[in-house]
Amino acid sequence: MNDIVEKQKVVIKFAGDSGDGMQLVGNQFTYNTAHLGHDLATFPDFPAEIRAPQGTLAGVSGFQIHFGSVEIDTPGDVYDVLVVMNAAALKNNIKSTNSDTIIIADISGFDSKNLKLAGHLADDKPLDEIKEKVKVVYEIDITKLTSIALAESSIDAKDKDRCKNMFALGVVYWLYERDLDETIQYINEKFSKNSSLKDANILTLQKGFHFGETTEIFHNRFHVLKAKQQKGNYRGINGNEALGIALICAGAKSNLPLYFSTYPITPASDILHFLAKKEKEYHIKVFQAEDEISAISSAIGASFGGSLAVCSTSGPGMALKTEALGLAVSMELPLVVCNIQRAGPSTGMPTKTEQTDLLQAVYGRNGEAPLPVLAASSPSDCFYMTYEACRIAIEHMTPVILLSDLFLANGTEPWLYPKFEDLKPINNKKINSTQQEVFLPFSRDENLVRNWAIPGTKNLEHRIGGIEKQQDTGSVSYDGDNHQKMIQIRAEKVNKIAQFIPNQDVELGEKTGDIAIVGWGSTYGSIRTVTKELLNEDKSIAHIHIKYLHPFPSNLKELLSGYKKVLVAEINNGQLVKLIREQFLIDAIPFNQIKGQPIKVSDLKSEILKQLEEC
Amino acid sequence: MNDIVEKQKVVIKFAGDSGDGMQLVGNQFTYNTAHLGHDLATFPDFPAEIRAPQGTLAGVSGFQIHFGSVEIDTPGDVYDVLVVMNAAALKNNIKSTNSDTIIIADISGFDSKNLKLAGHLADDKPLDEIKEKVKVVYEIDITKLTSIALAESSIDAKDKDRCKNMFALGVVYWLYERDLDETIQYINEKFSKNSSLKDANILTLQKGFHFGETTEIFHNRFHVLKAKQQKGNYRGINGNEALGIALICAGAKSNLPLYFSTYPITPASDILHFLAKKEKEYHIKVFQAEDEISAISSAIGASFGGSLAVCSTSGPGMALKTEALGLAVSMELPLVVCNIQRAGPSTGMPTKTEQTDLLQAVYGRNGEAPLPVLAASSPSDCFYMTYEACRIAIEHMTPVILLSDLFLANGTEPWLYPKFEDLKPINNKKINSTQQEVFLPFSRDENLVRNWAIPGTKNLEHRIGGIEKQQDTGSVSYDGDNHQKMIQIRAEKVNKIAQFIPNQDVELGEKTGDIAIVGWGSTYGSIRTVTKELLNEDKSIAHIHIKYLHPFPSNLKELLSGYKKVLVAEINNGQLVKLIREQFLIDAIPFNQIKGQPIKVSDLKSEILKQLEEC
Amino acid sequence: MLDIEKNVLTSKDFESNQEIRWCPGCGDFAILKQLQNVLPTLGIPKENFVMVSGIGCSSRLPYYMNTYGMHTIHGRATAVATGLKLSRPDLSVWIITGDGDALSIGGNHLIHLLRRDIDVNILLFNNQIYGLTKGQFSPVSEQNKITKSSPNGTTDKPFNTLSLALGAGASFVARSLDREAKHLQEVLKSSHEYTGASFVEIYQNCHIFNDGAFDKYTDRKTRKNNVIFLEQNKPLIFGENNEFGIVLDGYKPKIVALDVNNSINNLFIHDKNDKLKAQILSNFSEFGLPEVFGVIYENSILKKLNTDFQSLENDTNAINLLISGNNSWRVL
Amino acid sequence: MLDIEKNVLTSKDFESNQEIRWCPGCGDFAILKQLQNVLPTLGIPKENFVMVSGIGCSSRLPYYMNTYGMHTIHGRATAVATGLKLSRPDLSVWIITGDGDALSIGGNHLIHLLRRDIDVNILLFNNQIYGLTKGQFSPVSEQNKITKSSPNGTTDKPFNTLSLALGAGASFVARSLDREAKHLQEVLKSSHEYTGASFVEIYQNCHIFNDGAFDKYTDRKTRKNNVIFLEQNKPLIFGENNEFGIVLDGYKPKIVALDVNNSINNLFIHDKNDKLKAQILSNFSEFGLPEVFGVIYENSILKKLNTDFQSLENDTNAINLLISGNNSWRVL
Ligand SMILES: Cc1ncc(C[n+]2csc(CCOP(=O)(O)OP(=O)(O)O)c2C)c(N)n1
Ligand SMILES: Cc1ncc(C[n+]2csc(CCOP(=O)(O)OP(=O)(O)O)c2C)c(N)n1
Ligand code: SF4
Ligand code: SF4
Ligand SMILES: [Mg+2]
Ligand SMILES: [Mg+2]
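Protein chains in written order, with the working numbering: chain A, 1 to 615; chain B, 1001 to 1615; chain C, 2001 to 2332; chain D, 3001 to 3332.
Errors might be hidden in some of the hints.
Using C-beta positions, here's what the derived DEER-type ranges look like [to be verified]:
#1 Ser1192(B) to Ile3146(D): 16 to 22 Å
#2 Arg3220(D) to Asp1603(B): 56 to 62 Å
#3 Gln1499(B) to Asp538(A): 45 to 51 Å
#4 Lys1496(B) to Gln2018(C): 26 to 32 Å
#5 Lys1511(B) to Phe500(A): 56 to 62 Å
#6 Gly119(A) to Asn1503(B): 46 to 52 Å
#7 Glu3019(D) to Ala1157(B): 56 to 62 Å
#8 Gln1499(B) to Thr2195(C): 46 to 52 Å
#9 Asn255(A) to Lys2033(C): 54 to 60 Å
#10 Glu1533(B) to Gln435(A): 47 to 53 Å
For the record, the hints were derived by calculation from the structure and aren't laboratory data. All C-beta atoms in this analysis are idealised placements derived from N, C-alpha and C, irrespective of residue type, glycine included.
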């Protein structure tokens, strides 16, 4: 046996209890995969509770990786390999298996206790049942084998048990012809202060690998070629880290100190954690406020003071920022608010992804309070779009909302990262003096942008507020004509930004055709995958992904008019589709899947095929 | 001289300094007018400051009344009579005069000090200038005449000066052939505890009247016939009072205690003042919270406890309620939030009117959080639409947003008020027991409405929250399919309300034609006036006024499709027009005037004529 | 409120059918347990209890109690409960909140509730950390604390919760610990018995992100030297063998050894009705004195709470008068 | 910070060109005036002052000062100022706020600012009413007060502002009056000189909606009996002829007549650095003692405030390292 099977792409899922270390093995496998030159995408999936009761469905933690020799756009819909450490992990993941799936199960996790915790009856035999559905189930007593392997080790029983994830990882490494060195080095570093733990982990990893090699139970090993990647320097990146890095870059590029204020909230908190670690080295100010209102208010204060002021938050926190966002619009100060969307409404499902805050971003304020809205479409794109959000805020003196989501925030992909020197310049609007006899804080340039005179600058003393302002002078004004004019100017200023953003591109496919699949944000991967497949099947289809959602790119209407049908795929109940219908009077069709997960490729595909038939 | 001129309708504006008592004379004139059987509409216009500096433009306070023998829809665009107590009052009001306007000016208010305060140069002669434009200017030294009239009175000089508004009122009463008795009775009551003040006010009022009678300066008196009004009992009503009365009625009709919580904000505060006065007599609970978040949160608590829970607020306060509104949507509890709109964004112009919170009401929450949105279109309609908002909230177990605005809130009109017995019944969804083995708080009836089991009810103990709920049981659920289903159910529940609201009517004109003027809220009067005029000119025009903005009445699309053009007139930068375009793909055209005032009839008319030409 | 159910309700009746999802070892379990033990003894029908919480690990508690319950939004439990109690004075309302929920985002509603003296019970589960969001510092985390969001240590000084509550005008202030079952039960009972806003801080161990934060108050070895359990009219004593006491030197509290010079009779006598004493007690930790537990303050003025709120009997006449106002006219 | 401008700045320099729009007789005028008198004397360049306000009559003040200024939103001036000061420690930041703005909607940011001890000056214009919205009660309106929103009298008890500030951990607490020009100037100066959050409550007469609320502290006839002006290390004396004093009976403050039995030497000596004394002072009004004015508390610990925040010098290497991380690889 042990034939080597060649594969173009592979989806592996590690799933177990939250305490089983699945995120760690997932990350190790990811690094190893990336360094080997495969393209990849990952999707970690945590339980909502910190430590949900062990063994239960709610306690399952999973890590999914999709990699291959071809371009990889999503973490994948169906598993090639599913590693399950207990019955709950299997039950939670059955949906994404099919007749090609290989399951590796730790049978210790299927004892009567675990079966019960997973909601099975005493005489249920889930492993037997699943055999009907999938290709093969390898039943291995990983727990026991680990404990045998570590019989000699001096670490205690609990720690021994914790090593079993390494056994599983060893087995999977063997299956995919990997080398252990990199992971061993990682273990060496991680446990440098505790040599018994270090040895135990390494030994178990090796035992797992050897188990693959020496037992005869496995039918195949798999070989995946390197991807044809563009040359250059790569790193693995998730969306939240990319976002944090972009903020520091934008601050440096615009020559502004970075002021970052936030209140912890899933899934945005990691941005705080990341920037807090960089605070000293990069001279940034990180402020954990008492709530989201304070976070954005303090950012407005910092912006008046001349900083690049940024907030990050999610659903409920975004709601709380509504009033102060209006103030920032009225004051015409630069400000970036990053909304890492999660499933709503209200508290919703904080650990699930969603795209339901678009209309709120565009319309959700009292009064006429327009502001630019941008969205990132992949983990690494979080870097570019965050940078763009900062550029627009600073150069156009306006608050900007940047939309990301949980799926992007936590997902990883390889990133051919840029050099700081190559990033677009950002010119801030600060002034040190004025030609005007009396300084006019609300006089504007040809793009309707006002200047930024910060405290400490002689002779530019002025007052700003949220009351309607007289044109140019900025003094309080209750004049009706002035008010209408100011509303129009503020709207026009935002609309003019369309001249400073790229035209809308077609991601894949032709500029005209039967159907355009339009998306925004994290649906990028799913739509791209489907489009590729359908292009291969010679369908007349194109993928258009909108990153600048307000204002839209100037050519968007014309572009969309070139297709017989426009299908807008979103993880919400229809939001972008409303903006397109309203602005262009195009009968765009919504495709909505709102299950806290990326859109399923196969579901989207069936819908498109149905639409194409009716074309 | 003194010919009596017959008039169909008349616009009078009293304008003076905030300290000059213009609101009082305006109100007296209004009561008198109403009781005589004229139709009428008023528009009081206060300065933003409590007591802006005397004599300045910012300090002008005005009261406008439009009345006549025909139906009156707006407070009027152009004055027939403008009473000005000082130079600033004149300057502020020139815009609305034309060659038919009669001005009555207190020349003491045009001395050099007052001219300067009004921003005139020392040698400006505003009264002479205005003569070129208007029909006639009666220059009367009201201040001096008042002081002469009161030479004998024992009240002090300041109080004497304060009586001059009564002189002005007396003059105007004479001009319009009024009887003084009613106002004298009012003064008797008001000053029942201070007879010198009482006598002084009455005397001045009479002197003003006699001045008209005895001097020869006036060219005409005016006679206005009674309006052909429907028979029945009338009262004067403004929007905020109508709203407050409706809440008490809805509570009584639904058999629910009324819980009203709010935080003061212009122009909503008068609802608080009104209900606070009724608290004891009508057994309601009025809670002035520490902020708007507390106001709505406490209302949600009261709603869970079984009350009809209501909040009122405006712009910035509405923004602060965003997060909690999402909670109410998720919990599916009845709640009514009344947004008395004012000019935004941010603090904006708190004493000016606007309709800019519609899209916020419909879309402005994180996550998919749909809820019904209703709007009142006249002061008395505030009664009916508030009652409707309560009915829908209670019968469909949902938060509802009711939109009013400053213009409706403060404007007065005669109201053929209903009897409590004749109001629609409201059936609350409270239950005392369940047939279910285990109580299912989220099981639903055929309209997808759940039951309301309130604390204190035996055996119906249950927990609700803002986390996604399992269908029927309401238990916490992170299941993706359930989530999608729940989002759809919540949306569908709101959409189904369309079956429980009236079909959209045409206010004026035919059900098909060249152009439909579509409006919502306080533009009612302006649109109605224009439509009448154009129907008289035999144009093919109709007025459609939408009171149920989400969901729309079921027949709206079909109705709108019957016109060649649809023009949507709003006091915002285009909001309802977006909803119509998006939902019906009709190329509706926006007409926007955002000057803190009702839309000017003449401006709207020109736009319509332009549109009709292009038809 | 006594009724026949009093004799039959047991802690079992207060357990809901929901799986409890706190981490193993979390102090929240113990508090839940004591609540389930105390409520059945209060002589109140089960359906009259309402648990109102915000967001946080602790705020999950209502799901585990078989009473009416609301799991609301972050920081607003106090405001929600205010409306519930104002409109339903007949209910027994319990607010379940965390240090982030009550003191960070929810600080304003908390101080206003205390000022208004709404008759509810506030149980503040203080673990000096944000549990649910995985370990950021809270407004009561000690200075220089290293957490996920303060890798270089926090710079802000923490709130003194007792001072804050007293400063806001709280009329009942108490403190207990997750590990002290009996003490906690007593405090919960006192809280219930008090008419007005009862502020109860409960030190609660977060096993995952702030383990051992309160060990010095619970550890066999250290607790006797670090803790004073207050009892009404009793002197303040502590120490392994009760060998120390607190005296008031004028207005300044000091530690003394109980010996020939300092007898028990000269000690600071606890009087929960004395606000100045309560303020002095609230400063103990800042002066390096042992931490105090028990009922620290209880306003002795008896209050009559407003309960004049009810469904309007359909008095059609009164309502028609409201509709017509007193300035109406008739068109014939 | 001394610079040559010091000698030339006058109060005129601090007057803006905006028409002042308060009601005639409003106490805000007097406070504005004193601020314009004090700022030029502080040796700080005019362009380094920033006035930050919320919403309310008082919050209009920044428009009338010819400095940098922000008129923000209701209740958030404290939060806005926090961000401004954290990011610009070089500026002299003054918060202008009202009793509604700071204590009702803005209570949370206020207590957190005090806890964090941000180095700003908070001027709370307390007129015990909502002025701008035309006369509703505020959280410091006295109980039973009849206002537009409380036609039957308020039921809630008001905050004790001093206790609230101290309870939140304020490190500088002072009080003055609109009518006491000199006193107010001194307090404003002390507030500026203090490094850390300075909380200054200023009783301010609202001529229109709450006229005379503070008459008993300002009226010639009554003030001497109702007011104690605190001075460091001086005994607490009051009365028409300074004939009364305050003694501390243990920890309890009491009024005594100064006579043979009670000499000035036995009186309560003001020590602004003593927190316990400050807490006792904050209770004076509740005990029916005269109201105290002046610097009530000032933490004597010297603070080094963090000023390590600056524009990032374009250190391209460091940033490229950040972008690449330390786990990158090369595709050839
Ligand atoms: C408006 C809003 N902001 C932030 C959050 C995220 N969040 C949830 S719980 C929590 C803090 C929890 O800390 P604590 O109140 O101390 O409760 P614990 O988990 O420690 O019991 C935060 C920040 C949220 N749910 N809503
Ligand atoms: C979010 C919000 N809620 C309410 C208001 C209305 N409002 C403006 S000022 C104010 C209170 C003013 O009282 P205070 O702070 O005491 O200032 P004063 O006018 O007395 O100086 C209120 C309720 C607002 N502007 N914004
Ligand atoms: S994270 Fe801490 S507070 Fe939350 S459940 Fe776990 S142990 Fe308890
Ligand atoms: S209302 Fe009161 S506080 Fe406001 S400006 Fe007038 S007097 Fe001053
Ligand atoms: Mg906590
Ligand atoms: Mg005030």
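Okay, the hints, checked on the actual structure:
| no. | hint | verdict |
| --- | --- | --- |
| 1 | Ser1192(B) to Ile3146(D): 16 to 22 Å | holds, 20 Å |
| 2 | Arg3220(D) to Asp1603(B): 56 to 62 Å | holds, 60 Å |
| 3 | Gln1499(B) to Asp538(A): 45 to 51 Å | holds, 46 Å |
| 4 | Lys1496(B) to Gln2018(C): 26 to 32 Å | holds, 31 Å |
| 5 | Lys1511(B) to Phe500(A): 56 to 62 Å | violated, 47 Å |
| 6 | Gly119(A) to Asn1503(B): 46 to 52 Å | holds, 50 Å |
| 7 | Glu3019(D) to Ala1157(B): 56 to 62 Å | violated, 27 Å |
| 8 | Gln1499(B) to Thr2195(C): 46 to 52 Å | holds, 48 Å |
| 9 | Asn255(A) to Lys2033(C): 54 to 60 Å | holds, 58 Å |
| 10 | Glu1533(B) to Gln435(A): 47 to 53 Å | holds, 51 Å |
The structure shown violates the earlier hints numbered 5 and 7.
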